[in-house]
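Given the sequences, and given the hints that come with them, work out the whole structure.
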Amino acid sequence: MHLKNIALAIYLTIITTEHVSASTLDTVKARGYLQCGVNTGLIGFAIPDKKGYWKGFDVDYCRAVAAAIFSDPQKVKFIPLSAKERFTALQSGEIDVLIRNTTWTMSPDTSLGIEFTAVNYFDGQSFMINKKKLPEIKSPLQLSGASICVQSGTSTEINLADYFKKNKINYQPVVFEKFTEVNAAYDAGRCDAYTTDQSSLYATRLQLSAPQENIILSDIISKEPFAPAVREGDQQWTNIIRWTHYALVNAEEYGITQANIKNMIRSDNPNIQRMLGTEKGSHIAQELGLDKEWVTRIIENVGNYGEIFERNIGKNTDLKISRGINALWTHGGLQYGIPIR
Amino acid sequence: MSIYYRTSQYLKKRIFFFLEKINIRSLLLQLGIFFLFGFFVSWIIHNTIINLTQLRITSGLGFLKMRAGISIPDSFIPYSEDSSYTLALISGLLNTILMSVFCIFTSSILGLTIAFSRLSQNWLLQKLCMIYVEIFRNLPPLLIILFLYFGILQEILPPVQKSLSLPFHIYINQRGIYCPALHFQKIWLWSSSIICLSGFFIIRRIKNPFNQYILLLHLMISLAFIVWLFYHDTFLELPKLETFNITGGRNISLEFLALFLSLSLYTSALISETIRTGIEGVNNSLKETGLSLGLAPGLVMRLITMPLALRIIIPPLTSQYVNLIKNTSLGIAIGYSELMRISNTVLNQTNQSLAVVIIWMGSYLSLSLIVSTVMNWLNKTTLRGHGH
Ligand SMILES: N[C@@H](CCC(=O)N[C@@H](CS)C(=O)NCC(=O)O)C(=O)O
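Taken in sequence, the protein lines are chains L and F.
Residues in the first sequence are numbered consecutively from 9, following my numbering.
Residues in the second sequence are numbered consecutively from 143, following my numbering.
No false leads were mixed into what you were given.
The calculated lysine-lysine pairs, modelled on BS3-like cross-linking and capped at a C-alpha distance of 25 Å, are:
hint : chain 1 : residue 1 : chain 2 : residue 2
1    : L       : K146      : F       : K304
2    : L       : K300      : L       : K270
3    : L       : K173      : F       : K207
4    : L       : K140      : F       : K304
Just so you know, the hints here were simulated from the structure itself, not pulled from any lab data.
Structure follows, in structure tokens:
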């Protein structure tokens, strides 16, 4: 099967170590870099460029964490993981944090010894079809009898089955393990439709032989809140990942950007002072195990939430995803920075 | 002598005899190994439980009864999203078995044909077969599968709307082969097989003319009965083109086809080599003796060479079959729903690595053991059949 699962099985049976004692932060600091589990190659979220330099929304989150800890955003080792490997890699300690378009659902959260931190992207499942071949299709409800390509081991696979059962329509699933194989099969015409998270569909479309011939249906059939995940049991580490996200969102709310951070440090707005560690006697950061300038370093290196979004998946990128429900709450979206105080 | 002395002598003798027989040292050794092994196993189990609780991972076999919620294309047994994970795994196992049986059958026949062609006097045939063997034997099976599926079948077969239509309502397209399905009631199947079997027993007992009449009568009555049943309960379902797909009838998916073809081609090359070396391994003087006795070459092959060659062939053939079974797991690469793919999906949905890996390994191990046992038995019978 997959080596990772066998390795985990062996690991669970043979190793006798004390998992509890060492704190993840100390381990990461001693190692000198962060081990971040990301996608194997999803445009906009995590993909290495020609020179092997990783880029993407999730990748920037990894760099933000590295910046908070080391003040060097490059101190990250990216570990590409497929859908089936991701939780195992986290459980076995191969990675420190999983930031890989992973949907926060209850059962991994409660039964796998892992914990989700905060939703950094609200997505939903949708369908892609070839509009040249199927010009009349406007909704997945018209896909009765169609062959549908899907990647196995994802929440997507279950949603698909649920949706068609609920609507009492037949379909023929064509299920592949590897992302590249789903793409190839859809591109070759083995399936009439391709289903996965909408954001992934935008990314996948770019890799097809004729991207402009394919459209993504606007119907959303599921809720896919993506959240970084960590191992359960190390509250300090969980907090670091969780508050990195809230720091990014709050920074956007307060208008702190990569460009103006130098001036913002001198701001007399108490909220900003508290976040950037310039407030007198503040020791919020110490409780995280970091120093006062952690947010300053994050923004300096990767920018705020909005900047990360626009740089990787926003309107000026190939993906052209609009903020939609990922806009700040002040703009009618769902991104809401929990107060840092 | 006192009774006491005699009894004690007797007992001593018995005990010595006993000790001599069982060899105390080997007994102790075995006991030791047994306890060590027992200790090792319990240590592993204990360790696993501790690790699982420390990592807060829920485990156990409880998930097997849960509703699976995933859909399985190509299921051989009735399966739906509402079935349990157990049924999903069984469906995968059956598909693995089905694929293995088909491939073992085809690759054996193909392998045998090629082996004989390579041993033939026909130069062209010999060389063509050699090229075939060298190509398929030296390619990794995964490459053959991916190339056949993505590179050849997907490319040359037409899309659904332009399906190739063959006689007898058979259609071929990019998604597989569609043919008419014969639907009949089970009673038809049962009654005709019972009739055939009874006919077989009657034939075996024909000794006098009277029984021949009975046989004739039996044949006539059963024929009439079968035809009657056939017309009453049986109907033909033809595949027809709909908006997206061809529906109705039997469907052999492209994934099944690609896996079946590539594994059969690959394994037949290996098997043909096994058979060829087996035949060539038989001592030449034996064949010559047969020929000089005036036996025709065909008879020499059948009576002398083949029986002796089989003894050389069967052991490596067994491992070829076992390898074939393991290779069916490559179907995962093109989405054929065999055991590996299903267990992977189950694993991903439940995240029960430990349990699923154990079930998965156990299944392949059992399949391999079954094949080895059958082949060993075959080997023994061929040995016995020829005076050894
Ligand atoms: N959000 C879903 C799906 C995540 C997912 O794996 N999506 C696919 C997109 S088709 C992917 O990124 N695959 C890349 C890979 O497995 O290498 C989940 O968490 O289960």
